[in-house]
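S.K.: Residue numbers for the sequence shown follow the UniProt record's numbering, so the first one is 1 and each next one is one higher.
The hints are simulated quantities; they were obtained by calculation from the structure and are not laboratory data. It is possible that some hints are incorrect.
Below, in silico cross-link-like pairs of lysine to any residue (SDA-like), each with a Cα-Cα straight-line distance of 25 Å or less [said to hold, decoys possible]:
| no. | residue 1 | residue 2 |
| --- | --- | --- |
| 1 | K31 | L6 |
| 2 | K69 | E101 |
| 3 | K67 | Y119 |
| 4 | K86 | E110 |
| 5 | K50 | P10 |
| 6 | K21 | P10 |
| 7 | K86 | T35 |
| 8 | K69 | E12 |
| 9 | K86 | D66 |
| 10 | K67 | E101 |
| 11 | K115 | I47 |
| 12 | K86 | G33 |
| 13 | K115 | E78 |
| 14 | K115 | Q46 |
| 15 | K115 | D45 |
| 16 | K31 | E5 |
| 17 | K86 | Q49 |
| 18 | K19 | R84 |
| 19 | K69 | K115 |
| 20 | K21 | V77 |
| 21 | K86 | G99 |
| 22 | K50 | K69 |
| 23 | K115 | E101 |
Here are the computed distance ranges between Cβ atoms for each label pair [to be verified]:
| no. | residue 1 | residue 2 | range |
| --- | --- | --- | --- |
| 24 | M95 | Q54 | 18 to 26 Å |
| 25 | K21 | T82 | 32 to 40 Å |
| 26 | V77 | K19 | 39 to 47 Å |
| 27 | T109 | L53 | 31 to 39 Å |
| 28 | E41 | L93 | 20 to 28 Å |
| 29 | E97 | H76 | 32 to 40 Å |
The structure presented is a predicted model; accordingly, all values stated were derived computationally and were not measured. Beta carbons: idealized from backbone N, C-alpha and C, even for Gly.
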Amino acid sequence: MIIRELCTCPLEVVHDIIKGKWKTMIIYQLKDGNTSLAQLERDIDQITQKMLLQHLRELQSCGIVDKIKGEGYPLHVEYYLTERGKRLLDAVLIMQEIGIEYMVEWGQTELLDRKGIPYKEAKVKSLPPYPQKSG
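Using the sequences and the hints given, assemble the complete structure.
M.R.: Below you can see the structure in the form of structure tokens.
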């Protein structure tokens, strides 16, 4: 992972740390404590082990995630959020809430129901038309 050397804003650094399809989901899955690689792979739909390992290494290099290696065979490794990672989790949880709110507003609750993600039925205000791609 490359974090830019010259920044115009600290948010660019955070963006470089969490960019990628899976990183915020990995951080979210680690919210309850130590988790094995196999459990992360089961909990994150459609992620490959190769991509999971790559993102974990990148998050580890930024001090967001760390791991504990157990002794014996087979090797057992558990990943966890560092203190910095726990602070970043606060932002990820806010992002999750915004995503849930958006999905409810747009009537996309089937996925939330299927995954058992709780939500409140929001009174849908007069929403603007969904933005169309201009071409």
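S.K.: Please go over all the hints and tell whether each is borne out by the structure.
M.R.: Do the hints match the structure? See the list:
1. Only pairs whose Cα atoms come within 25 Å are accepted, and K31 paired with L6 is rejected, the gap being roughly 31 Å.
2. Between the alpha carbons of K69 and E101 the distance comes to roughly 38 Å, so the proposed pair goes past 25 Å and is violated.
3. With a C-alpha separation of about 32 Å, the suggested pairing of K67 with Y119 is violated against the 25 Å cut-off.
4. Annotation: proposed proximity of K86 to E110 is violated, straight-line Cα distance about 29 Å (limit 25 Å).
5. With a C-alpha separation of about 29 Å, the suggested pair K50 and P10 falls outside the 25 Å cut-off, and the hint is violated.
6. Between the alpha carbons of K21 and P10 the distance comes to roughly 21 Å, so the proposed pair stays at or under 25 Å and holds.
7. Proposed proximity of K86 and T35 is supported: the alpha carbons are some 14 Å apart, at most 25 Å.
8. Distance hint between K69 and E12 is unfulfilled; the C-alpha atoms sit about 32 Å from each other, more than 25 Å.
9. The straight-line distance between the Cα atoms of K86 and D66 is roughly 12 Å, inside the 25 Å bound, and the hint therefore holds.
10. A threshold of 25 Å between alpha carbons decides the hint, and for K67 with E101 the separation of about 33 Å lies outside it, so the pair is violated.
11. Restraint check for K115 and I47: satisfied, since their Cα atoms lie roughly 16 Å apart, inside the 25 Å limit.
12. With a C-alpha separation of about 10 Å, the suggested pairing of K86 with G33 holds against the 25 Å cut-off.
13. Restraint check for K115 and E78: satisfied, since their Cα atoms lie roughly 24 Å apart, inside the 25 Å limit.
14. Restraint check for K115 and Q46: the C-alpha separation of about 14 Å stays at or below 25 Å, so the hint holds.
15. Only pairs whose Cα atoms come within 25 Å are accepted, and K115 paired with D45 is accepted, the gap being roughly 11 Å.
16. A C-alpha spacing of about 30 Å is found between K31 and E5, which places the hinted pair above 25 Å, so the restraint is violated.
17. Restraint check for K86 and Q49: satisfied, since their Cα atoms lie roughly 23 Å apart, inside the 25 Å limit.
18. Between the alpha carbons of K19 and R84 the distance comes to roughly 16 Å, so the proposed pair stays at or under 25 Å and holds.
19. Restraint check for K69 and K115: the C-alpha separation of about 30 Å exceeds 25 Å, so the hint is violated.
20. The hinted pair formed by K21 and V77 meets the criterion: a straight-line CA distance of about 23 Å does not exceed 25 Å.
21. Straight-line distance between C-alpha atoms of K86 and G99 comes to about 20 Å, which keeps the hinted pair within the 25 Å bound.
22. Taking the CA atoms of K50 and K69, the gap is near 19 Å; set against the 25 Å cutoff, the hint holds.
23. Under the criterion of a C-alpha separation no larger than 25 Å, the hint pairing K115 with E101 is consistent with the structure, at around 15 Å.
24. At about 21 Å, the beta-carbon gap between M95 and Q54 stays in the expected band of 18 to 26 Å.
25. Here the CB-CB span from K21 to T82 is close to 22 Å, at odds with the stated 32 to 40 Å.
26. Judged by the Cβ atoms, the range 39 to 47 Å given for V77 and K19 is violated: they are separated by roughly 24 Å.
27. At about 33 Å, the CB distance of T109 to L53 agrees with the hint of 31 to 39 Å.
28. A C-beta distance of roughly 22 Å is found between E41 and L93, which places it inside the suggested range of 20 to 28 Å.
29. For the hinted restraint 32 to 40 Å between E97 and H76, the CB-CB distance of approximately 33 Å keeps it satisfied.
Checked against the numbered hints given earlier, this structure breaks hints 1, 2, 3, 4, 5, 8, 10, 16, 19, 25 and 26; the rest are met.
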